[in-house]
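Go ahead and model the full structure; you've got the sequences and the hints to work with.
8 protein chains.
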Amino acid sequence: GYAKLDTHRKLRSGFAEVVFCSGKADEHLLRIYERIYMAEGEVLGTRASKEQAALIQGTFCEAEYDPLSKILKIEKKDKARVGKIAVCTAGTADIPVAEEAAQTAEFFGNHVERIYDVGVSGIHRLLAKVETIQSALCVVAVAGMEGALASVIGGLVDKPVIAVPTSIGYGASMKGLSALLTMINSCANGIAVVNIDNGYGAGYMASQINRLGVHEAL
Amino acid sequence: GYAKLDTHRKLRSGFAEVVFCSGKADEHLLRIYERIYMAEGEVLGTRASKEQAALIQGTFCEAEYDPLSKILKIEKKDKARVGKIAVCTAGTADIPVAEEAAQTAEFFGNHVERIYDVGVSGIHRLLAKVETIQSALCVVAVAGMEGALASVIGGLVDKPVIAVPTSIGYGASMKGLSALLTMINSCANGIAVVNIDNGYGAGYMASQINRLGVHEAL
Amino acid sequence: GYAKLDTHRKLRSGFAEVVFCSGKADEHLLRIYERIYMAEGEVLGTRASKEQAALIQGTFCEAEYDPLSKILKIEKKDKARVGKIAVCTAGTADIPVAEEAAQTAEFFGNHVERIYDVGVSGIHRLLAKVETIQSALCVVAVAGMEGALASVIGGLVDKPVIAVPTSIGYGASMKGLSALLTMINSCANGIAVVNIDNGYGAGYMASQINRLGVHEAL
Amino acid sequence: GYAKLDTHRKLRSGFAEVVFCSGKADEHLLRIYERIYMAEGEVLGTRASKEQAALIQGTFCEAEYDPLSKILKIEKKDKARVGKIAVCTAGTADIPVAEEAAQTAEFFGNHVERIYDVGVSGIHRLLAKVETIQSALCVVAVAGMEGALASVIGGLVDKPVIAVPTSIGYGASMKGLSALLTMINSCANGIAVVNIDNGYGAGYMASQINRLGVHEAL
Amino acid sequence: GYAKLDTHRKLRSGFAEVVFCSGKADEHLLRIYERIYMAEGEVLGTRASKEQAALIQGTFCEAEYDPLSKILKIEKKDKARVGKIAVCTAGTADIPVAEEAAQTAEFFGNHVERIYDVGVSGIHRLLAKVETIQSALCVVAVAGMEGALASVIGGLVDKPVIAVPTSIGYGASMKGLSALLTMINSCANGIAVVNIDNGYGAGYMASQINRLGVHEAL
Amino acid sequence: GYAKLDTHRKLRSGFAEVVFCSGKADEHLLRIYERIYMAEGEVLGTRASKEQAALIQGTFCEAEYDPLSKILKIEKKDKARVGKIAVCTAGTADIPVAEEAAQTAEFFGNHVERIYDVGVSGIHRLLAKVETIQSALCVVAVAGMEGALASVIGGLVDKPVIAVPTSIGYGASMKGLSALLTMINSCANGIAVVNIDNGYGAGYMASQINRLGVHEAL
Amino acid sequence: GYAKLDTHRKLRSGFAEVVFCSGKADEHLLRIYERIYMAEGEVLGTRASKEQAALIQGTFCEAEYDPLSKILKIEKKDKARVGKIAVCTAGTADIPVAEEAAQTAEFFGNHVERIYDVGVSGIHRLLAKVETIQSALCVVAVAGMEGALASVIGGLVDKPVIAVPTSIGYGASMKGLSALLTMINSCANGIAVVNIDNGYGAGYMASQINRLGVHEAL
Amino acid sequence: GYAKLDTHRKLRSGFAEVVFCSGKADEHLLRIYERIYMAEGEVLGTRASKEQAALIQGTFCEAEYDPLSKILKIEKKDKARVGKIAVCTAGTADIPVAEEAAQTAEFFGNHVERIYDVGVSGIHRLLAKVETIQSALCVVAVAGMEGALASVIGGLVDKPVIAVPTSIGYGASMKGLSALLTMINSCANGIAVVNIDNGYGAGYMASQINRLGVHEAL
Ligand SMILES: Nc1ncnc2c1ncn2[C@@H]1O[C@H](COP(=O)(O)O)[C@@H](O)[C@H]1O
Ligand SMILES: Nc1ncnc2c1ncn2[C@@H]1O[C@H](COP(=O)(O)O)[C@@H](O)[C@H]1O
Ligand SMILES: Nc1ncnc2c1ncn2[C@@H]1O[C@H](COP(=O)(O)O)[C@@H](O)[C@H]1O
Ligand SMILES: Nc1ncnc2c1ncn2[C@@H]1O[C@H](COP(=O)(O)O)[C@@H](O)[C@H]1O
Ligand SMILES: [Mg+2]
Ligand SMILES: [Mg+2]
Ligand SMILES: [Mg+2]
Ligand SMILES: [Mg+2]
Ligand SMILES: [Mg+2]
Ligand SMILES: [Mg+2]
Ligand SMILES: [Mg+2]
Ligand SMILES: [Mg+2]
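Residue numbers (my numbering), protein chains in the order written: chain V, -19 to 198; chain B, -19 to 198; chain C, -19 to 198; chain S, -19 to 198; chain R, -19 to 198; chain D, -19 to 198; chain A, -19 to 198; chain H, -19 to 198.
Simulated from the structure, these hints should not be mistaken for laboratory data. Careful: at least some of the hints might be erroneous.
[Said to hold, decoys possible] Partial chain R-side listing against chain H, Cβ under 7 Å, derived:
| hint | residue |
| --- | --- |
| 1 | MET125 |
| 2 | SER153 |
| 3 | ALA168 |
Glycine included, each C-beta is placed from N, C-alpha and C at the ideal position.
Structure representation (structure tokens):
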């Protein structure tokens, strides 16, 4: 087949390859799940459709699918979850992206706290959660529209903040570009940005950082 | 001469014409100041250079120039200042634009409270001032870089917020376009936006709103 | 549940929370309507689909749905409507956005005058209505394509103008971005701009301003 | 030399080649003026600097330079000017571009009416001139900032309107791009647009149209 | 009803109102056709769907619909067509827009020559038609992708060229924005540009120009 | 004075306030250095001009200025530097931004390895350094033009990569926007991006991450 | 018919006309295939739908359709394939565009090597293939997302590289614009870029170059 | 020193490293010229200032500087120039970029024909040169403003065309972005594009192609 499964990846990165399911043909997807399952005993897939979930569950009855995050995974039992990553959202519409981040981080063995719907237009909601957020080793801030959440959190914590712009919004939000620009221009320190709706990427990097903080080899 | 002074403006709008000094030839500028002074007994000019200030002060010794706001004005004495407009900035670099807004509003007879350098990356600074801001009839929020200040203020007050993006920032701030987009996409209610660095426009509209609130004919 | 209803909002802002229906799951939407109805005795929802209207009307038979503005509301009877807000559109295609603004303002207790299809390409239509517009305490100017309406109205009235760009147009209108830029760059005084198609936001801010003008506590 | 003077142009287009002076080396510029003068007995140059004017006037003492329009020309005496082109501007800052248009059209033998500083924020100024504008065979509408002038004029006349966006403005005017978009999206009929600050191009096309209207071969 | 039919338009512009059918509700559309038919004895509509055509043909059996141009018209018989407008396209995919231009101009009483599929990548096709194009009083140049056709034609004729960018293309054509920019930046003289896919606007303006050339009152 | 020194910052973030010197007035700058020096016994300033360096060195003779990074600091002696941060650049022109990152991280007590001029157009240069890079706890990848360096590094290491686009390049690099887009769209895992030329921001976040890895309280 | 088949093309360019099937009407498409088949004995069509394939196969039973590349062709038997073109992709999702390039080049008589899924986030995959790539006379590099592949290949080979950005990606990839900018700004030498997803254009130009290298007249 | 001279480059690419002089410090530049001269016996530098030319000529008296192309080189005598590359420009203002391309190609041992000022607004100028252009093995098309030249040439030749957009133009030319888009969207076959003003890149790639055509190892 054309695709080259990156079997060296776990060696290089400490994390096995994750499947980006969107757009993959059925037969192709199944073969990839099989190969990774063979090698790792577990598989994480993102952006899976319901149909793809049914397909994989046909072969792997223990496969779990979450329609909110669109994560389709086969996961080893009793994995420990260490450290603490806080995943925050501005609104409820940002939750699917946040869940992609949170569940990715959990799959990689990290403990995640969810603090959702604490956008800056009602700042008391965020302030009420400030201690939980400050106790994390890494924060993921997920927001669409004007994306101001990342800056406010950045000013409240002393740990790295990974900002995820979402495509939530309309008009001049330009499908997330406005939120991305907001976050890139943040006046707060300790913020870096991933692509629009890239919950996976934020969860991955948060995992790398959290692991550093729990003093374990990645 | 080519230019048509808009002598009907005060009738239509309640405010005399304001001079946009930038780029005007000396002779032209002087004639405009003279004509407005004749009609109104006072003149407000914005974006004046030091050289233009010297020119006008040569003829009108009572003319005052503020190099920070670049406002060059001849103002009647003992004008009352009514109501309350809060003018807030995120950083110190936004102050020149804020002063253009504040001094415009003051010239038009409004009382202005300045709350500067209260950007969202250190939210405690803003929260410390929240009562002053809430006591205003209208708020002007001036911010560059990611421009998140407007959203946070919008969520804290029950009066209209006029957001002014500034060209402060670098890189992806794109000379204020990022801040403009942030403010236009604000998730808070009661926010509307003027052009980048348009302190004058914000001060003007705040004056209209504040006057409504003090129950006086404009 | 994830979502945090902002029950402090009325205290902070004088207006109860408004439901942005678009994209909300049925069960979630129903619970929100129930909770707000419990607290306020009335509910305003925007961007509701026909299906959502049927859902809410299943539980609240007094709920009203307007397919033009997509507003889905349960409203107390005999509310007074005070002051005067003028809502103007350039074309007939802009009316849905204008109605979102007008009905929001009416729900919040404001009197609204509608002046529709008075775009600048036939300026006599606008001039014929100038006295009605000038008699308002606040004007909402709704326009797509080149969005020039706001500037012309801004020059004719002495009250604040809230400009709403719409996504009406094609080609280089870029789904409303052109109209937004036109309005932000307006050479007229006393204009501020909200997001593309954001009738709700304009209606909300117009309500704040109109209330100031009728000398009532918000 | 490298450059190829387009000596066939007058045959093809009815107009001799016009010199775009900006950026041309002295020696090169002088040779071009000489060659065109030889062939035509007159020369039109645009975007000339003061230094270039002095250079050409050193050789051609009858050369005239207008620092406002930056037009540097040697013109035959007693040329008739036929028909009528109206050149309108929104503000005084747009006049240099308008003069480039007007003087180009005059050089090509057209009669020009100037109607300056009639921008839409004070629409009475434009309405006061409506008969003059309507009597022209072609209208050039020059405006920066939000560029709304073209649409209003387009709705008032039954002749073609050539819209010229200018780079006047700041912030989101993006050096004329906003005005260009406004004009391209005009809801009025009979408007077409040339490049930002391209007074020359507008004057040229207006000349072509006006000549058609006076029933003369170009 | 909300919409204001612009009954003064024919007086002001010499052309009766044209119906932009796209998006209009059935009942609304029918009423507009009826009213214009009453006043003018004929109606021109653009951007009509098949369903709208069937609707109008239900009432007006003489209504004609062209699915290519999407023009839906009721036209008086035996109207003269005067002068000459050349309508050119770069490719066959641009023909629908060109037909909107051509049929608009024909409805307004102008003679149209169609020169299609003469894009610059095979310049001999254009050169073979050069005399026809040069014999027109006005040229409409319709092109998508890189839109270079307008410049080449601009250099070959001595009459005004109206350039129409189309949304034909993919990738970096950005739905016509690239072609629009090409045409606005044309190095040829005598070119002005209308909105992307705006065949109607080009046909309208070409009609104004052609009429000037045939020495008739518009 | 207007500016509010953020004296709580060290408590909140573990890092004292850093001075952004660019654009600050002399008197203002001096006062800030004095106040921070008083509180911390050391000061870090970025984007300082030569003139500002001379000014500060007039008062603080131990102040050091590096014209390459434009960092102007007064630093305590014998501070330990722990952990390992790798700072990489694509070209030599990216070094000033890289130095801003590296020296910021060093000031905050981190050990930094510099790997410069290893851009992807000569990949052997990067591969020769791969072990050094892999031994770091955090990598900063600095690149202009097409900014591909971050992706290649991201694929080679198992630690977080902070990508810094620079404004190096010309034409379509759009002063760093192209590199920013490249980095945000990276197909590699574990990359997040800061603003164009924001070496300081990258150095700050790298410090937070590195400190987590060396098991010390920040 | 409207369309002008470019029968001179083979003379001018050495390649017969290729059919861009997308959007063509059935009857029109069939006629074009017939005419080219008549003239050439073979036909190459790109961007054909399944339905169009069925249509053409109804008349030409030897027509072959590849749903991956969407190429629909009738090809002479036993054509020689000379030289060597390497076609590389970053990911598996880029393969359809790569196949359009590869099959176009093969149809024109060139030998093609496919090296797929060798994106820079796992650089060892590319390095493992470096000798094959270096042995080609021309390289086509196909990549979406951040498009960094072209730069790395550009640094590894001494032959021309044609870079094809694809629309693969999401968020800030802006449907391929980001990859296009990456490739245009490449710091490597010997790279030029075609439109987003333009596999055909790359295959065509690679054919021209490869033919030069095999010392044959085109 | 920081910079890593890429001494393997000639092995990998057949061309020695070329110096991008712009922005390099004097001492640094001199050392680079010395090192390359030592290794190659000749040096090619681009984008050199007059001051840099004087510096290098101080050490290497045989160094030649062309202020038009800004190329500063030390070249071996009596190098053969093989094959044929045609370098074309639209206007005279594009010549500096064209010369950078032409002189780069000449330095690398290729024969270059210059065909300047043959822009499409006077197509006869280009047609008069068509045979020279067709006789080349590779064509470089250099154009600013609307950049249409590349498409017309692409349709006239059967060899690869490398298109170079230039920053010549004003207003909506956006410093070359418009020309770049024109060229990327070209409807002609066999065109690929390099960065704005990147004459060097075009000359380099043309050299690679021309060498293939003359049957010599690069
Ligand atoms: N949701 C996601 N967004 C971005 N990248 C992802 C996502 N999920 C997986 N990936 C990455 O995509 C790679 C697989 O892509 P592919 O080779 O196209 O299957 C994985 O190894 C991850 O690095
Ligand atoms: N700083 C400013 N920004 C935007 N508009 C201004 C400013 N100052 C004055 N104006 C407006 O510009 C008008 C005068 O412009 P002008 O006719 O060019 O002199 C005034 O009537 C104000 O409406
Ligand atoms: N101000 C102007 N803006 C745009 N084009 C101009 C202008 N002035 C002259 N031109 C055109 O530029 C051509 C000369 O350009 P060049 O060959 O660079 O000297 C003239 O023939 C005109 O078509
Ligand atoms: N004018 C130019 N435009 C783009 N790249 C260039 C130019 N001149 C030289 N280069 C490239 O820049 C490299 C040297 O860059 P640097 O390492 O910064 O000195 C050379 O090897 C060439 O690949
Ligand atoms: Mg909420
Ligand atoms: Mg501060
Ligand atoms: Mg209408
Ligand atoms: Mg004025
Ligand atoms: Mg064709
Ligand atoms: Mg180098
Ligand atoms: Mg893969
Ligand atoms: Mg020329």
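**OP:** Hints the structure violates: just list their numbers, smallest first.
**Re:** none
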